[in-house]
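*Asks:* Chain residues, written in single-letter form:
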Amino acid sequence: AAGVIQSPRHLIKEKRETATLKCYPIPRHDTVYWYQQGPGQDPQFLISFYEKMQSDKGSIPDRFSAQQFSDYHSELNMSSLELGDSALYFCASSLGGGQGSLGYTFGSGTRLTVV
Amino acid sequence: SQQGEEDPQALSIQEGENATMNCSYKTSINNLQWYRQNSGRGLVHLILIRSNEREKHSGRLRVTLDTSKKSSSLLITASRAADTASYFCATDAWRIGGATNKLIFGTGTLLAVQP
Chain A
1091 AAGVIQSPRH LIKEKRETAT LKCYPIPRHD TVYWYQQGPG QDPQFLISFY
1141 EKMQSDKGSI PDRFSAQQFS DYHSELNMSS LELGDSALYF CASSLGGGQG
1191 SLGYTFGSGT RLTVV
Chain B
1308 SQQGEEDPQA LSIQEGENAT MNCSYKTSIN NLQWYRQNSG RGLVHLILIR
1358 SNEREKHSGR LRVTLDTSKK SSSLLITASR AADTASYFCA TDAWRIGGAT
1408 NKLIFGTGTL LAVQP
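Residue numbers (the working numbering), protein chains in the order written: chain A, 1091 to 1205; chain B, 1308 to 1422.
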């Protein structure tokens, strides 16, 4: 069965550079969530999109932006990267906004290292 | 953590023993989920318990939920070395009128099962 696909798997960037992370949800899932997990930390919610509109916002820095496209894939754009942005970035998808559903599926994550 | 605490933060047991991990949360919830994460890898969904359920089983996993105490426990019976991982609880809070229900993670328990 198709899962949530994230690309790239690993990314190394220098300080002040930009990075773009991509997430392809499970087919027919219309909701995408982004999480950031620092070393030894729990995943922190960043932002979510439902039907291509931003639906919720968490602790996402102003340097980051995201969008969901017409094919429901999502991209997380990160600018002016800082060392503290080094983390594992997860994307999850669900159907119908996740309301009362079982359908959260996580991707394998993108490991971003800022040097 | 955005939502609550898990205890213990680290647990070391011998193969064959049972492992119990606890999770507390702060807000009203729609359901509570447990996830497993091998070091630096993706989040794997283990089990979901709804707010109107008190106990749920899945294989060697047993989850309890006490909404009056805002707490849950995950029991892994007859543990194996392959169970070594971090375990997170995550709550899915119902938002009236909200478009999405993001998951809020606890801080995680690092379980080490010694062969």
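Hints were generated in silico from the structure; no laboratory data involved. Be aware that one or more of the hints could be misleading.
Stretches of chain B that chain A covers, calculated by requiring three or more beta carbons in the stretch to come under 8 angstroms of a beta carbon on chain A [as the list claims (entries may be wrong)]:
id, stretch
1, 1344-1357
2, 1378-1390
Below, in silico cross-link-like pairs of lysine-lysine (DSS-like), each with a Cα-Cα straight-line distance of 27 angstroms or less [what the hints assert, rightly or not]:
id, chain 1, residue 1, chain 2, residue 2
3, B, Lys1377, A, Lys1147
4, B, Lys1333, B, Lys1363
5, B, Lys1363, B, Lys1376
6, A, Lys1147, B, Lys1363
A few chain A residues that don't get close to chain B, going by computed Cβ distances all over 12 angstroms [said to hold, decoys possible]:
id, residue
7, Arg1118
8, Gln1134
9, Ser1145
Where is the CB? At the ideal position from N, CA and C, for every residue including glycine.
*Asks:* Sort out which numbered hints this structure fails and list those numbers smallest first.
*Replies:* Result: hints 2, 6, 8, 9 break, sorted rising.
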